[in-house]
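Got chain V sorted already, so can you dock chain X onto it with the hints?
For the record, the sequence lines run as chains V and X. Just so you know, we're using the UniProt record's numbering here: the first sequence kicks off at 1 and counts up by one. Just so you know, we're using the UniProt record's numbering here: the second sequence kicks off at 1 and counts up by one.
No wet-lab data here; the hints were simulated from the structure. Note that the Cβ used here is the ideal one computed from N, Cα and C, for glycine as well. Some clues are possibly wrong.
[Claimed, not checked] From the structure, some residues in chain V lie toward chain X, with a derived Cβ separation under 10 Å:
1) L34
2) E35
3) S38
4) L39
5) V45
6) A46
7) I48
8) D50
9) I56
10) T57
11) M58
12) Q60
13) I64
14) E65
Below are the chains, spelled out letter by letter.
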Amino acid sequence: MDRAAVDSSIRSLIEPFNKKNVPIEEGTTFAGDLEFDSLTVMDFVAAIEDEFDIIITMNQQADIETYGQLVDAVNTLQN
Amino acid sequence: MNDHSSTPGADSSGTPAAATDLFSKFDPLIQQREQLLAAGMQDPFSLVMEKVLSPTRAICNGRDTILLGTYNYMGMTFDPDVIEAGKQAMTDFGAGTTGSRVLNGTFQGHRECEDALREFYDMDHAMVFSTGYQANLGIISTIAGKGDYIILDIDSHASIWDGCAMGNAEVVPFKHNDIEAMEKRLKRVPEGAGKLVVLEGVYSMLGDVAPLKEMVRIAKENGAMVLVDEAHSMGFIGEHGRGVAEEVGIIDEVDFIIGTFSKSVGTVGGFCVSNHPKFEIMRLVCRPYVFTASLPPAVVASTATSIRKLKHGSNKRAHLWENSRTLHQGLRDLGFELGTKQAESAIIAVIMPDLERGAMMWEALLTEGLYVNLARPPATPANMTLLRCSLCAEHSAEEVQTILGMFERAGKAVGII
Chain V
1 MDRAAVDSSI RSLIEPFNKK NVPIEEGTTF AGDLEFDSLT VMDFVAAIED EFDIIITMNQ
61 QADIETYGQL VDAVNTLQN
Chain X
1 MNDHSSTPGA DSSGTPAAAT DLFSKFDPLI QQREQLLAAG MQDPFSLVME KVLSPTRAIC
61 NGRDTILLGT YNYMGMTFDP DVIEAGKQAM TDFGAGTTGS RVLNGTFQGH RECEDALREF
121 YDMDHAMVFS TGYQANLGII STIAGKGDYI ILDIDSHASI WDGCAMGNAE VVPFKHNDIE
181 AMEKRLKRVP EGAGKLVVLE GVYSMLGDVA PLKEMVRIAK ENGAMVLVDE AHSMGFIGEH
241 GRGVAEEVGI IDEVDFIIGT FSKSVGTVGG FCVSNHPKFE IMRLVCRPYV FTASLPPAVV
301 ASTATSIRKL KHGSNKRAHL WENSRTLHQG LRDLGFELGT KQAESAIIAV IMPDLERGAM
361 MWEALLTEGL YVNLARPPAT PANMTLLRCS LCAEHSAEEV QTILGMFERA GKAVGII
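Chain V with its partners taken away, still in its complex shape (with noise of 0.2 Å):
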């Protein structure tokens, strides 16, 4: 999978989550633009893990704070 259709999963993932309907963009941050609070991230990084057949660990979880990044980390941990 490329990083665009990566990137399209991902977006598909990420609706039921974002009650508010934020538009979501590549800087778009989780804690703040989306207001994720820490249950929203586990269930959201677990469907996307489920989703990829992958572990985004705490430590990797981390150095995400973007959209972009995260499209950026899964498409690196899917190879």
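Just chain X now, with coordinates in the frame of chain V:
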């Protein structure tokens, strides 16, 4: 360049730089607390017990209060033998050890404590820490190193999370008590990496029990080592009071059991028991064990006595379970929302609609003469506000009925039921 005589924080022009108050990050919490207090409510987190009368009674605000929010499950704090052992040790060994376990801080009492634990759990090794918090902190951060994976329940206790944060392992949480979520994550760990699965027997916020039988089996099938925190089950769950792992028949599969003395045992301290053949090396490499003073002689003497007495506490255990079931059924019949469908442990969590009414209910109960634990986010799962009731084997059947009456009056006054 390095002029120590200049004003700290001053730049080259001599104007002091604007200081950043490191405490500003706590402002939202300070504000929330002030709002609660401004509404005339008593601060639920600064209650003082002026006098403690027994495991189940204390004087709070000058009033005789029933204690339903301690972890004194087996009522050992006032056991005459436990008190006597402590007094004798204080006389014979002094007030403190003034040293680390690995230097001058191991007295005969520490050894006796570890002997009592080995017998209680029927395991080869036992290591006593100064608190339960340090036991989790030390063991987890030490055994899971760089490149290893810790797979843990998202609702794990703070001491487990802090053990993860202190070490260098990769940390992978899974949804609370979700067997499938745990298994999926275990199977995705890169081949060859070390794996530690961390579980709790009883989760202390809702008082619910983990499906240890399935989880431990799956962990073992996937080549993981397993650590189970049995802090809230020791003394009254399982045939010998060894916890949920014993109750469901998989204790032999568990590599490390973590526990505490500050609950059923009635003192303070923590421990790890294990059958791992190399376990003793922990005493040299585990920093929260090495770089802190050991428990005082009175504490270890009381503890060893208490553990030995807990082995023979089957009548008390049965009464504790009766109390827990009666309270659970009674609160449910009154219309309160509870954390579990049945009583799964000695903790009954009453779910409050929000923090404000939770604090009001807490205060109303205290005015009735009942102390319970108010638990709030971030300590609680799903941002819940909880009134946590923990029962004691020393609560009489009549006291449990009195408690139910207090809950009924307070709940109606606050408008929760």
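The hints, checked one at a time:
With 10 Å as the threshold, the beta carbon of L34(V) stays out of range of chain X, its nearest partner Cβ sitting at about 17 Å, so the hint is violated. A least Cβ separation of about 13 Å between E35(V) and chain X goes past the 10 Å threshold, and the interface hint is therefore violated. Checking S38(V) against chain X by beta carbon gives a least distance of about 8 Å; that is within 10 Å, so the hint holds. Contact between L39(V) and chain X, as hinted, is supported at the beta carbon level, the nearest pair being about 6 Å apart and thus within 10 Å.
With its C-beta approaching chain X no nearer than about 9 Å, V45(V) sits inside the 10 Å limit, and its interface hint holds. Contact between A46(V) and chain X, as hinted, is supported at the beta carbon level, the nearest pair being about 6 Å apart and thus within 10 Å. The closest approach between the C-beta of I48(V) and any C-beta of chain X is roughly 12 Å, which is over the 10 Å cut-off, so the hint fails. Below 10 Å, beta-carbon pairs count as interface contacts, and D50(V) has one with chain X at about 7 Å; its hint therefore holds.
Interface restraint check for I56(V): the shortest CB-CB distance to chain X comes to about 9 Å, inside 10 Å, so the restraint holds. Taking 10 Å as the C-beta cut-off, the interface hint given for T57(V) holds, the closest approach to chain X being about 4 Å. Taken as an interface hint, M58(V) checks out: its beta carbon lies about 4 Å from the nearest beta carbon of chain X, inside 10 Å. Residue-level restraint check for Q60(V) holds (minimum Cβ-Cβ distance to chain X is 8 Å; threshold 10 Å).
For I64(V), the suggested interface contact is broken, since its CB lies about 14 Å from the closest CB of chain X, more than 10 Å. Hint status for E65(V) relative to chain X: violated, with the closest Cβ pair at about 17 Å, above 10 Å.
Comparing the model with each numbered hint stated earlier shows that hints 1, 2, 7, 13, 14 do not hold.
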